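Engineer: With chain S fixed as given, assemble chain Y onto it according to the hints.
These protein sequence lines are chains S and Y, in that order. Counted from 1, the first sequence has number 12 at position 12 by the numbering used here; the numbering is strictly sequential. Counted from 1, the second sequence has number 96 at position 40 by the numbering used here; the numbering is strictly sequential.
Just so you know, these hints were derived from the structure itself, not from any lab. Fair warning: there could be bad hints in the mix.
Claimed, not checked - Below, a sample of chain S positions facing chain Y; criterion: calculated Cβ distance under 7 Å:
(1) Y12
(2) Y15
(3) G18
(4) S19
(5) Y20
(6) V22
(7) A23
(8) E30
(9) N36
(10) R37
(11) A41
To be verified - Think about it this way: if two alpha-carbon atoms lie no more than 30 Å apart in a straight line, the pair counts; the simulated DSSO-like pairs of lysine-lysine are:
(12) K39/S with K63/Y
(13) K39/S with K141/Y
(14) K300/Y with K39/S
(15) K172/Y with K246/Y
(16) K234/Y with K39/S
The structure presented is a predicted model; accordingly, all values stated were derived computationally and were not measured. C-beta atoms are modelled at their ideal positions from N, C-alpha and C, and glycine is treated no differently.
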Amino acid sequence: MNWGEFFAMNGYAFYVWGSYGVALLVFAIEILLVRNRRKQALRNLRLMRDETGETA
Amino acid sequence: MAINWFKYSAPTTFYGLAGKLIPFFAWPAAIFFAIGLYIGFFVAPTDATQSEAYRIIFLHVPASILSMFIYLIMAGYAALGLIFKTRLSSMMAQALAPTGALFAFISLWSGALWGKPMWGAWWVWDARLTSELILLFLYLGYIALHASIEDVRRADRASALLAIVGSVNVPIIYFSVKWWNTLHQGATIKMTGTSMHIAMQQAMFAVLAACWLYVIAVTLARVRSIILEREANTQWVNDLPEVKQIDGGRS
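If we strip away everything but chain S, and leave its shape as in the complex, we get (with noise of 0.2 Å):
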């Protein structure tokens, strides 16, 4: 398997990685995006805990 060629894609390396390399920032990016969300709404219900001393 001759990588350089892999990687090369005939000429189209520009092309084809530009596509899927986007794609995976992508799908990396709305993860963390999901994941930040989720701390933070947990971060904001325990801080209204805190607050009122008590649960709502």
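Structural biologist: Same frame as chain S, now just chain Y:
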């Protein structure tokens, strides 16, 4: 024994179910991506006319399909929320929008990078490309509209109308290559079959399955956060173990 068909239509019960389901979608998604990309890059042969650039198809086509389907599902949930006033339905629509937008973006981006070497243009204002761009704007519009209205139930209703009316765009995208003279090629996969090489078909369907599973996993995760945000003033949310634990705990 009576079955409660609507048991999981309440945020209280759906929250837990969604949490349990996520890994059953996330892991298979990863596996199908691996299988699809392996077949697409190492088994499927080089294309006679498009050389190696055609391999973008394994990303572009599933992303495009998903961008359209997610919109219809989002509009469907929005409609349910509007008609039956079920909060969870509106929350599901809200959860689907960002993922749909990202898939529309991937469709447009990969399409542009495929279009430039093969058809000579990053972009043309033909029917399909333009209507897919409009789809992206509809997603972003939905998100922006919902975020801009203070009262969340009013926000649900307003954005539901946008989602429902915007649905007309989806059949336009789909039939655009049939109804108009477009730079974008026509359907390769028809009801009558396809001329595509079998390995290419396999790769495409594997990545398509992967994308579906990924969307479900991410949407379930996101709707859980939306539930926590919107149901913040309820007893059941504040009784959740992940909320009750003292700061410093992970969840």
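Engineer: Against each hint, give a clear statement of whether it holds in the structure.
Structural biologist: Going down the list of hints, with the structure as the test:
The interface hint given for Y12/S holds, since its Cβ lies 4 Å from the closest Cβ of chain Y, which is under the 7 Å cut-off. Because the closest C-beta pair between Y15/S and chain Y is about 4 Å apart, less than 7 Å, the hint holds. Hint on G18/S holds. Least Cβ distance to chain Y is approximately 5 Å, under the 7 Å limit. Taken as an interface hint, S19/S checks out: its beta carbon lies about 4 Å from the nearest beta carbon of chain Y, inside 7 Å.
With a cut of 7 Å, the hint placing Y20/S at the interface with chain Y holds, because the nearest CB-to-CB distance is about 6 Å. For V22/S, the suggested interface contact is upheld, since its CB lies about 6 Å from the closest CB of chain Y, less than 7 Å. Below 7 Å, beta-carbon pairs count as interface contacts, and A23/S has one with chain Y at about 5 Å; its hint therefore holds. For E30/S, the interface hint holds, since its Cβ comes within 7 Å of a Cβ in chain Y; the closest pair sits about 6 Å apart.
Among the interface hints, the one on N36/S is violated; its C-beta lies about 9 Å from the nearest C-beta in chain Y, farther than the 7 Å criterion. The beta carbon of R37/S comes within 4 Å of a beta carbon in chain Y, closer than 7 Å, and the hint placing it at the interface holds. A least Cβ separation of about 4 Å between A41/S and chain Y falls short of the 7 Å threshold, and the interface hint therefore holds. With a C-alpha separation of about 27 Å, the suggested pair K39/S and K63/Y falls inside the 30 Å cut-off, and the hint holds.
Restraint check: the Cα-Cα separation between K39/S and K141/Y comes to about 28 Å, which is no more than 30 Å; the hinted pair holds. This hinted pair checks out: K300/Y and K39/S have alpha carbons roughly 14 Å apart, not beyond 30 Å. In summary, the hint linking K172/Y to K246/Y is supported, as the alpha carbons are separated by about 26 Å, within the 30 Å threshold. Simply put, K234/Y and K39/S have alpha-carbon atoms about 47 Å apart, too far for the 30 Å limit, and the pair is violated.
Hints 9 and 16 from the earlier list are contradicted by this structure; the remaining hints agree with it.
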